[in-house]
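Starting from the known structure of chain A, fit chains B, C and D onto it as the hints suggest.
Protein chains in written order, with full-length UniProt numbering: chain A, 1 to 302; chain B, 1 to 302; chain C, 1 to 302; chain D, 1 to 302.
Since the hints were derived computationally from the structure, they do not count as laboratory data.
The model shown is predicted, which means the values in this text are computed figures rather than measured ones.
Identical copies carry no separate label here, and so any pair may be met within one copy or between two of them.
Listed next, the in silico BS3-like pairs over lysine-lysine satisfying Cα-Cα at most 25 Å (straight line):
no.	residue 1	residue 2
1	Lys69	Lys249
2	Lys206	Lys249
3	Lys53	Lys249
4	Lys206	Lys150
5	Lys123	Lys249
6	Lys249	Lys150
7	Lys123	Lys150
8	Lys206	Lys123
4 protein chains.
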Amino acid sequence: MSIVLGPNRYGKAESRVVRIYRDEARHEIRDINVSTALRGDFAGAHLFGDQSKILPTDSQKQTAYAFAKQKGIVSIEDYGMTLGTHLVDTVEHIDSARVEIEEFAWQRVLVDGSEHDHTWIRKGQETRTAAITVTGRGEHRETTVIAGFKDLVMLKSTGSEFTGFYQDPYTVLEPTNDRIMATSLVAQWRFVGAPSSWESAYTAVKQVLVSTFATVHSLALQQTLYEMGRAVLEEFDSIVEIRFSAPNKHHFLYNLAPFGIENNNEVFNADDRPYGLIQATVLRDDVAPAPAEAWDSYTGLV
Amino acid sequence: MSIVLGPNRYGKAESRVVRIYRDEARHEIRDINVSTALRGDFAGAHLFGDQSKILPTDSQKQTAYAFAKQKGIVSIEDYGMTLGTHLVDTVEHIDSARVEIEEFAWQRVLVDGSEHDHTWIRKGQETRTAAITVTGRGEHRETTVIAGFKDLVMLKSTGSEFTGFYQDPYTVLEPTNDRIMATSLVAQWRFVGAPSSWESAYTAVKQVLVSTFATVHSLALQQTLYEMGRAVLEEFDSIVEIRFSAPNKHHFLYNLAPFGIENNNEVFNADDRPYGLIQATVLRDDVAPAPAEAWDSYTGLV
Amino acid sequence: MSIVLGPNRYGKAESRVVRIYRDEARHEIRDINVSTALRGDFAGAHLFGDQSKILPTDSQKQTAYAFAKQKGIVSIEDYGMTLGTHLVDTVEHIDSARVEIEEFAWQRVLVDGSEHDHTWIRKGQETRTAAITVTGRGEHRETTVIAGFKDLVMLKSTGSEFTGFYQDPYTVLEPTNDRIMATSLVAQWRFVGAPSSWESAYTAVKQVLVSTFATVHSLALQQTLYEMGRAVLEEFDSIVEIRFSAPNKHHFLYNLAPFGIENNNEVFNADDRPYGLIQATVLRDDVAPAPAEAWDSYTGLV
Amino acid sequence: MSIVLGPNRYGKAESRVVRIYRDEARHEIRDINVSTALRGDFAGAHLFGDQSKILPTDSQKQTAYAFAKQKGIVSIEDYGMTLGTHLVDTVEHIDSARVEIEEFAWQRVLVDGSEHDHTWIRKGQETRTAAITVTGRGEHRETTVIAGFKDLVMLKSTGSEFTGFYQDPYTVLEPTNDRIMATSLVAQWRFVGAPSSWESAYTAVKQVLVSTFATVHSLALQQTLYEMGRAVLEEFDSIVEIRFSAPNKHHFLYNLAPFGIENNNEVFNADDRPYGLIQATVLRDDVAPAPAEAWDSYTGLV
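This is chain A alone, in the form it adopts within the complex:
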């Protein structure tokens, strides 16, 4: 028996890169948070403190900023692929690079009804995300693009039931035919091939998710998620898999009976904790899975 080094990776997390396009009077802005994580032959660093194969995390950061100018940030998916490919191609003992990006959206300020050239308000709604993983070299090169968002808070004030559930001795929950359903959705969808435009693909996928959430009469958050995923896969050929994490943000009907007030699903307490958490994947059954690291966020363990 001996003690050995297992899976490992390292990188620079959360470089806050802001790119302004100002070649014309009407500026454009891209505001992102970039994290890179590298895997490869780093045993020397762990076992002997030998850094000769360690590209400093500082260099990864410098590259992220430099590429914002050299390569530009038209879409976070393109920028991430360029950055990830560069990292694997220029350092030979790197086996794979994962670039994780959050994008903060801005909308132009209106002045007298017209969009201002160089002033924005941060939109503040969901945070768009991308995770690009580049593995292997030459003919073994594989690039995985996962687009998505987090913190999209949605609520419907009716059209949601929860009945007929399994009952064990600790079940005291009453079934309901009409409740608030609310979540702060995380969704990530994997592409095989690139859409004609990453920007319009993002907008379109979000719209399908949101409108399906609205229109499905929900018998369970599980069902709603599955329908949302199915709708995306049916509409977008290049998307092969979508994963959801959906906290059930409980809105409890407030008990106004002690005050002789009827509460017909009108007044709720929005509770913080605990919350239900539903997580599911919807995918095509004929598509090869992505490399394992393509789904491994730097925010978890390796």
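Just chains B, C and D now, kept in the frame of chain A:
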């Protein structure tokens, strides 16, 4: 010399009240965070543990939820005045009540281009606020309404200078004629009298603030804030005072020179800490000040 | 009637200064978060964008770091007085400076039972604070020192009642003779004159507060706070005033009756929101109040 | 080609259970945050909204609170195994249960030098964690116990180098022979078999980690982590694997040269973002891996 009780107050903070209007197919939603704070003759509780004059914070919470149905939440300013007045009027040893409200805005989901009846996405931009203070009784009754918002993140990519500043031996900052100016604005404005509509007043004040931020060529964040305040006071007769807290969210030009890349105000690092912090008041010089407690948030010390 | 500039201030918030003393093998560490706020004649900057009287916030930051070496950080109170005095003394149009400091405590790592020379774990308990305000010049110079802490989380599992309270129509709370009492305490105490050691004063005041919280049989959180304040003022002559902000962190007895399980104050749900909030001041009745700005944190409005 | 349901799970996250032992005058406290996640045959809920196999997340919460009394919380590992085993054993279509627990530590208040019977201060240092996964039935039953902590903030003011690293065209970092090394460590270690005491095992593992961090002269954070892992595996036979996630919390030497002040590794800026992030596993080479879900936190995607 003796030890005595000084200023004190108590209340229930952060009741998360959600009110759905569902009398018609097209529902409406109001989503607020309510905090109440009472001042009055509570020495008995402090000195002897005598609770006979203490209206429990739980009762304050119950009232906040009950009023959401009984009185409704058309605007947070009206709801706050109703709740604050009730508290002072029904408990005789209460001298003043302050009701602080945050409102979270929702926008309707679009389905096939039409607004959905009962599904929303949380807007996520600024948080609207109101602070209503009711003091005194009978002819001494005074009601102060302060409307506002927090966390309105704005950025302009040009049109901002910082030059000609005072220099001491620790000054190494270079003057600049072109920089990013960004802030996460807190603004609170005090009314004397009520506007015809709290809702349209809010929208209009926000628009004046935002468009002034955009159009003023800034020599200093101080100057921009003053102009924003002046514009509001010039446009709205019923507003007599406005206070700002504006962090200067530094965007530092990233040094790409080591890589032979020119950076002509195009790539920035959005820094977290430290940040400049500019705070100012703009007011009419002929208006009586509000009672001191009208500006004292429960988030500070009494 | 005209529109005018009202109260205003500006400064640099949250400089994260770490000072290592390493003249001997056994190092020492001071880890602080410094914020400065200046008041004075800054109307030119607001009205005309004239910066000639504006000491840049960057210069304030540089001074905070430079003084960490030049003057050292033996105690945050001393460091804050030195920094605040310097700012008022070297820039003539500054009327007052407020230096607000958070200190993060570290404890030495033990290796084979001995304290390590240069390795620490962050303690993570309460955050010690100081707020030093320097106003005026020459004979009008006044220096106010407020020491304190925030986020000291305390809990007692018995010895706390809440009965005999005022009842209005919205009161449904049941009185209780035995409940959990828990808070996350903010306390700030003002000195007149300096103690022989700021370090030992801090430790001693905290001990008085904590042990009084433990030993007072509580009829109300108000009463407990008053007794805590009185104990401090009785023990420390140089302290003239203490202010508390104490959220009542509710621990609700969990209803296990549906499962036939008795719950004799043994299982609780620690709730997040809403929470009661009790705020009070205890002071000596013969002491002049501090200047108003001495209590105004940069985290509020001016 | 068809669209299918992929991996999925659901549960109740973040039940805040507080358990008081009060059979004697000297009370004991256990303060935990419990999350359960179930996997199994839930296709009906996703595909058809059929809840008949869905044990409500509310029931999972009720059980977490009920077990705090019925089974007690002596150690979070035992409590988690009991809860996880119960969930799999009582609901036949559940294949596996994962119970994730955070424990908040309290220390007794001292009064006149003696520990108080029923009053505590929250320690606030690291948060202890446990993740128990129960899979299969009968002879296929497997129970995995992963103990650990998060947010253990450590710093050493010397004894850390970073030199000899790989250089690409974007490398501008200067090598250093003496820097601050600081991290906020996440560590999770997997047991095969149970130690004689979970409590003393936790304390002992933490001590090995902390003292190794202190005493290893570090050529790289990678090397330090590996040595920390090796030390744990060498000392504890029942631990077979340990995983680390270690942000490199950068402390940048502050440039005081413009002020003619020498800064001999004495004054630093503690930066927030970006940060290096090192993640590694150290394990025994002869031990079977845990089931995949044993390492999948509910905080990530399924």
